[in-house]
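> Residue numbers (the working numbering), protein chains in the order written: chain A, -9 to 213; chain B, -9 to 213.
Worth double-checking, as some hints may not be accurate.
Same chains, same label: a pair holds when it works inside one copy or across any pair of copies.
[Stated by the list, open to error] DSSO-like, lysine-lysine: derived pairs with alpha carbons at most 30 Å apart: (1) Lys89 / Lys127; (2) Lys134 / Lys149; (3) Lys89 / Lys101; (4) Lys89 / Lys109; (5) Lys134 / Lys89; (6) Lys127 / Lys(-8); (7) Lys12 / Lys134; (8) Lys89 / Lys12; (9) Lys101 / Lys149; (10) Lys109 / Lys134; (11) Lys(-8) / Lys149; (12) Lys134 / Lys101.
If you're looking for bench data, these hints aren't it; they were derived computationally from the structure.
There are 2 protein chains.
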Amino acid sequence: MKTLIIVSHPDIETSNSQQFLKEALAMRKDITYHHLETVYPDGYIDARREQELIRQHDRIIFQFPFYWYSSPPMLKQWQDTVLIEHFAYGDQGDALRDKSFGIVVVIGVAKHAYQMGGKEQFSIDQLLTPYQAMAHKTGMKLLKPFPIYQFAYMTDRAKQSLLIAYQQYMTLSDVDSLSQRTQWFIDRLSEESAVFELEEIQHMIEDLQLEIEELRLYLDQKG
Amino acid sequence: MKTLIIVSHPDIETSNSQQFLKEALAMRKDITYHHLETVYPDGYIDARREQELIRQHDRIIFQFPFYWYSSPPMLKQWQDTVLIEHFAYGDQGDALRDKSFGIVVVIGVAKHAYQMGGKEQFSIDQLLTPYQAMAHKTGMKLLKPFPIYQFAYMTDRAKQSLLIAYQQYMTLSDVDSLSQRTQWFIDRLSEESAVFELEEIQHMIEDLQLEIEELRLYLDQKG
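So that you can see chain A by itself, here it is in the shape it has in the complex:
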């Protein structure tokens, strides 16, 4: 599976979160990191080139800071320029059909603000509805969004967890599958360069234990 991460950030060099995510992807040849403001510094997007890029990948990710409950303007321009009729929708417009689509959104405000009665009043799901509608119109399979709240206040431990979840979001065909996540760990552990916090491995083993307990309970009830 090949993943295209379309990143939009008007000032990415100063963004610690974006730099962290970029480094998390180093050396993976099944992932294309594509920062629009770097590729198109004058703001003019080569629609043909972008369409070709889309065709070469199976998973499309939008990654951006959450400014006014949406993306920076450059990603919107990309949508309006690249995802045109007869390519993305309408007659013979099936270039995105059956690809998976995810959203990595970096948010400065705390998670609990995004709910009815919270400071921001609306949930992330509600605010991302325009992207859900886009996935629907283009026939893409929508992944659960990947929100990153208040990166600046994260502990090193939290960042390590984030890094693993982020890499899995980009590479697993079923992001929620326990067996895929387990296999991912086994693969990483066998790599020479692997550096893991023991705690992460502990979490993984605990997840597996929980799954086994649930299966036992189910069998007991059946018997």
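Once you've looked at the hints, dock chain B against the given chain A.
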């Protein structure tokens, strides 16, 4: 009441609907028509100038074609550049507080497509949630959105109705108030340059009749 219409359209000269709306506003000195792509052809927005413009008006309108369930990139850039902390939100960020805020959105698809089970799956209200969240954060009073569906297929009669509703949306402090709409008609009828379809006046009189009937019914029930 002074109204600022912030229009974003990348190619406005070719848009019949936008030209129609622009002409509908001719010669009104309480309305400022502000097309971003014309004012800032190189894409760089003068945030101070825009903030001053906001301060001079009581109603803020976003007017744009509905591309990928949102505005063109230029309006998003305007939001990100102009509506900054300490101006639009946060400490002393009360420049928009208590202004009214409306959205005129021009939509190429039919109205019935925008609902659960419809072709677009989501309602206009759902898709405009990011703007609702913006109005909430900045303390603006949200007007009902003003969607214009399939302008290209509208009859002349429908366009005449649209023109009146649009002018009222821009100028009435309470857009839904029957007494304000009535007064608006009386004012216009006394203008020398007034040109109305008889039908529109008939609609207005019918609305008034209905109101009177409802009041009579209410009085009968009480008596």
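> Can you list which hints this structure breaks, lowest number first?
Hint check: nothing fails, all pass.
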